[in-house]
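Given chain A, put chains B, C and D in place with the hints provided.
Chains as they are written, first to last, in the working numbering: chain A, 1 to 176; chain B, 1001 to 1976; chain C, 2001 to 2419; chain D, 3001 to 3081.
Derived from the structure by calculation, the hints contain no laboratory data.
Even glycine gets a Cβ: it sits at the ideal position worked out from N, Cα and C.
One or more hints might be untrue.
[Claimed, not checked] When the alpha-carbon atoms are kept at most 25 Å apart in a straight line, the in silico DSS-like pairs for lysine-lysine are as follows: (1) C:LYS2156 to B:LYS1583; (2) B:LYS1136 to C:LYS2290; (3) C:LYS2269 to B:LYS1147; (4) B:LYS1863 to C:LYS2403.
[Said to hold, decoys possible] Chain D residues, not near chain A, derived (Cβ > 10 Å throughout): (5) GLY3009; (6) GLY3030; (7) LEU3034; (8) LYS3035; (9) TYR3040; (10) GLY3049; (11) THR3052; (12) HIS3057; (13) ILE3076.
Chain by chain, the residues:
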Amino acid sequence: MLDARSPLASAYSFEAKDIAIREEGGFTLTQVAGFGKGFEKSLAEAVGKLPARIGVAQANDAFTVLRIAPQQFWCVGEAAPAGLSGECLITPLSSGRCRIRVEGAHARRTLARGSAIDFDRSAFKPGQFVMTGIHHTPVLIHCVDAEVFHVYAMRTFALAVWEWLVDAAEGLVAGN
Amino acid sequence: MTAFRRLPGGGRIDRSRTLGFTFDGQRLFGRPGDTLASALLANGKLLVGRSFKYHRPRGFLSAGIEEPNGLFTIGEGNRAEPNIPGTMVPLSDGLVARSQNAWPSPAFDLMAVNSIAAPILGAGFYYKTFIGPFRKSWMFYEPFIRKAAGMGKADAAPDGARYDVEYGFTDVLVIGSGPAGLAAALTAGRAGAKVLLAEQDSELGGSLLAETSEALERWRTDTLAELRSLPRVTLLTRATAQGIYDGNQVTVAQHVAQGQLLHVIRARSIVHAAGSLERPLVFSNNDRPGVMLSSAVRSYLNRHAVAPAERAVLATNNDAAYSTAFALAEAGVAVTIAEERMAPAGDLLAQAAALGIAIFPNAGIADTFGGSQLKAVRLKGRHSVTIDCDVLAVSGGWNPAVHLSSHGGIKPKYDPAIAAFVPGGFAETHFGAGGTIGHFGWQACVRDGETAGKGALAACGIGKSPRAIDPPGVRDDRAYGIAVSRDPFDVSLPGKAFVDFQHDVTAKDIKVAHQEGFHSVEHLKRYTTLGMATDQGKTSNVNAIAMMAGLRGIGPEAAGTTTFRPPFSPLTVGALAGRSVGKHFRPVRRSPLHDWHARNGCTFIEAGLWMRAWYYDWAGPTPETAYVREMELVRKGVGIADVSTLGKIDVQGPDAAEFLNRVYVNGFAKLPVGKARYGVMLNDDGIVLDDGTTSRISDTQFYMTTTTAQAGEVMSWLEYLLQCHWTDLKVHVASLTDEWGGMAVSGPDSRKALELAFPEADVSNEGLPYMGVKDIPFGGTTVRLMRLSFSGELAYEVHCPANFTIALWEHILQAAAPLGIRPYGLEALASLRIEKGHVAGLELDHRNSLDDLGLGKMAAREKPYIGKELRFREAMQAPDRWSLVGLEALEPGKKLRGASILFAADDEIKGHGRGYITSVTWSTELNRFIALGLYQGGLRHEGEEIIAAFPLKNEQVRLRIVSPHFIDKEGTRLHA
Amino acid sequence: MAKGYSVFSLLRHALKPDSPWPMAWEKPTPRSSYDVVIIGGGGHGLATAYYLAKNHGITNVAVLERNYIGSGNVGRNTTLIRSNYVIDGNTQFFEHSMKLWEGLSHELNYNCMVSQRGQIVLAVSPVQLDVFARRGNIMRLNGIDAELLDRGEVQKLLPYLDYSKDARFPIWGAIHQARAGTVRHDAVAWGYARAASQLGVHIIENCEVTGMVIDNGRITGVDTTQGRINAGKVGIAVAGHTSEVARMAGLRLPVESHILQAFVTEAVKPIVHHVVSWGAELFYLSQSDKGGLVFGGHIDGFNTYTQRGQLFKIQDVMQCAVSLMPFMSRMRLLRHWGGIQDMTPDGSPFICRTPVRDLYLNGGWCYQGFKATPASGWTFAHTIANDNEHDLNRCYSLDRFEKGRELDDYGIGNWTYKQ
Amino acid sequence: MKIPCPHCGERDVSEFRYGGDASRQRPAHGTGDLKAWHDYHFTFTNPKGPHTEHWQHVLGCRQWFRLSRNTATNVIAGVVE
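Next comes chain A alone, as it looks inside the complex (with noise of 0.2 Å):
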């Protein structure tokens, strides 16, 4: 068997008060696409309820569903959705996307320092989940608890989105 790899094996782990930055990897992320309803109630049949809006993730059992563009879904869970019609047009992404767990107080402040988003409580709470760009590139980020966020970032970047995360939460941790 071929043994996998992350673009993060290389990255250490950040502990400090109030924020830590580490890998949460093992999701198989899938994309799904389609044209009209069609595709998506055969989407729902294999993955639950759809989400009707972008920017909150339904969370069902198996999966948590994210409508990423009017007519585009991710399927994040244990494995990929399975009995879809030929409707949908699938696209696997578990290697595509690497996924990073930004935990603790300063953990909305961290994330302030890399994109234009209102983090704050009353605006980002858990569940919902915004598509924005994070030192130039392009980022999803997921609230999942008040101070615990998944940033899915693209894999050749992963690193660097890895090394701005963790310099932004060492000028906060040293007071500026």
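Chains B, C and D in isolation, oriented as in the chain A frame:
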């Protein structure tokens, strides 16, 4: 006899602690609560610098951000910063300050000789001279001018400070913490709005900090206490609102522990409460150390307990400055008032008399006396009496701080009632309060602040109406009573009358500018350099505008102002740059094989944002030696190369084939499943955009590859076509560049290598023919085998999900080890494709047509494709266009260089030539240097001898034009 | 040759403080008609008027400026001059401009501070060094000075750059043009205005053109905020507002107006003695004679007339400055502003006749309007005077895109917002 | 400047990429002669006032959309369907 002394009591300073600091090496002491300026004055240091052009002795004019004279280099080594106003530096223990622009010292400055040449050093003198006898004489004069210019020295050592940038969002942003700002913040805060208040000083309170009334202090401390109790209110100190940009985006630069933090704030509403700046008066020799703004004298007195030694004169044209005279008198200073107006208000006269203050009405200042320190002043008018004094406090009125409200393009307008410019209006989510809009007085400011706070709440759609603000318990505000003297300044007076203290611009300069026709305020500024110093004209612009308007016989409202631009006060470039500098300047993009390369003797090279494997040390220590050995390996055996950086795009949907048919010049509709095809795409203008191979995975799915450089462009271009114009086509595109890793296995033994690596797969010539594609299950994942060749050899590309690329790469190396397989890098990759005649980045430079690249035959004749119409523009079909040729070196000893310019054998070697060399390599097959190039008329001239010139190194070499397909023209190796 | 300014004139006025200096340029009220009306009182408009009078003896000329002269891009740019163009047509035109710059202070009797301190363009990869080498080779083949510098030579000339291993894009070498440099931009507008005024040209400020009078395909005059002015010939030289003015004559042009920002720091003692340009991103910097560091980068990238730019681009330019020259992080910005660039798809200008008889177009200047000022005025005057383009500007025609004769000097492709 | 992405809401302009004048009518695929394609590709209205243009939310949902913005003030009227 020092001009200033520390008062025994009073001031907002901590007398229990002492702070040591050095000024020009001398050890001095001050108190917490002092600024560098107040501490220097407390130590009797009045003369602190020399002026820019005339090197006249200068002391502090102000106590705030508008300071033009007291500039210092603060700190040492890599934390040293030049041109810092001493008025804005809170004193800290161990602070190091040095004076500037004076040698050997401010007190004794040899450069003061400039003032002798002063008569010819008027405004714009350098436009009228240094034209010199020779055409290049300016290059002789310039070094002297440049050495004299500039204040402070830039230190080339790296900056020790840390600069962070943080994005923030708020309902209400309040700029300034005076009475107006605090009232606005409290009003909004009480209604539950998210409020951010930015104050540039190290303490909150603004003009309240220079007052001594208990009622005002109680109001300030009570208001701050309540604000600090509200969870959604944030108060920032040492935080200057520097610029307002489109969409209510505001930069707030804050001094913090390690350096600076730039808040980039998106505010739903903004309250402008930045107050106002006092205007100096313009009279002869108005720049001596000891001449200060009245508000500065009061601030040093009340806030820092630093007062003039014995005697002070106040020159004023308004009632507001009288409070300074009264405060001085109460502190035991003998005060005289030179009142420009006919007669001040009755109550002021009474109060002055009670305090023993003499008033000379209708009497401005005619001249001042003293060398490095003010000694006496002479009044204008009937009296022309001379009065000895240590300090001359001046007040020409107050200018509302209109800078930030003008950044959005709304020009300020003149308000004759206060003889100053006020904001020209506000966007609907902006509100002005207090001094910023020309409303002076405690009651007026608090009322304004409350009104502005309510306006901001409404703009944010916050319905709750907050509790009313109770104003401070002080008497009613008194009238401002300003009356600006109308007579234009009399330049015939002997001494220099300064308008811009830091750039030494005098009233005479403005008169000369008017004589010469530089009437517009913009011309005035550029001709005299008025307002272009580090104080950005904060004490000079309005006076200059009024003087020029007077000379032109129009009002200041007609003259208008120059454009106010960010930043409000000098802002370090580092603070705006933040952390995206040095190695973080741009993100590094890494192939999934990066870590393997790093461990296996690979040298990397930048390619756009990517780091790519350039060459490996098994093949040689330098790129020149290594790539030749790597090429031989591929030509004779089998090599493996990382091609993961290729752009890879998943094209899926019922209309995918039709979509590709429109985008590529050659046909894709009938491409069979399991086959790949080389395609070229044009831009609408018929010029080549990109090329690459696209494989058909199923009826409705294609796997497209693009060049590394154009991957992002092509992706956006395909999305643009589908989403903006061809919305009828059912196609989705998704980037796979990061999802799939890729390696090229190339060479005569490449098939044997795959057989060893994938024993179950049928990789025979029939099982996997040239341009064939097949997915095979392997090691728990899917491996895509594609028989493509960039090198011209029998070759394959092996793609797999990125997570498994290193494992698969190591497996192939290990399985095919008996064949001597080794990795080869980008240099060898490029050289191999040159030998084969494949075009790449160097040839695709957005100027070439299909025919230029010898690909004209690929384009389908009947089917339409993007760029087809404009491809046939007249000059793009001309026979003499520069098109692709192969080039062989005829003089083995000479080096063949890229970027050489090509000439026919009998051409004169000058002008633009007939083309140029795009890429060069040593050919292991042909045992000589070969190259690809673009040549006028292209292969029509095959066989001809031509010249390649490289004048930068005075080299020329003879070449022959040949087919760009140097090796295996028939493609036998590809189909082996 | 204009006259009147020298060190002696300065001494004369110093000794007699009350004797007034003459007006730099006259401020006449407009006549009802002129032989030639130039729309736009910027560098190109004033230079055109000067060369019409000086080279062609046409002095019955008016320059109409809607604001004060020099209020547009001539007063907003980063003052750089160079002639390092690679495309046939561009090379000769910009070298002609450089030759005119070298004698301009003499010609105008006005010190424009033409400072030929040299420009160094840094290459951040071997491939880019090749691209610059081609440019340098073409320059040398056209009698223009150029030399290739390796990393060591660059480090001796520019010790303050980031040569550490931390630099994101290492410096491989550079191309150097010693005759390139900077010119005091305001002095160019005032110098040409003064010289043209001395030859009889009328310079009319606060006079905005609001319409064109065209009958059966020929222009006979313009309507302005100071009344109608008839004209034998009309020249448009309004840079950023080219499309707005050309629209009055019914012309739709290959021009889109964009914002280019510029920045200046506080004045410090001399540290940067050259013009430094970078290859990793479009970034250019020089130190003015007053000591301020003047620099800029790319356009913001979208169509706007606002003369003010976006913060993200300001931060991007600051990041370029600090990454290339670490000492810049401590330099304090005093002011930043924007100019309206009339961008064209291939990055090259128009100096040509138009479909309307006797109406001539000078525009499309993208980043290089300032450095082209003398040659633009010189060739535009020739084109107007002779109703025919000069060899130097024949390639800058309006129909070049339809014919496929783009002049894409940087090889970026036909995009206005990416030039 | 804030751009109202129809899918992600208002975002800073740095997340977007400008796609040029959208008021120009692109000839249908396979139609239009050289002059039509030249006028479409190479000439611009370039008004100093209301302007319809293409933008892509390239750092977000990657959707293209048309926007109406006043080029004299940068005030955005809104998305154009």
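List in ascending order the numbers of the hints, as given earlier, that are violated by the structure. Failing hints, ascending: 5 and 12.
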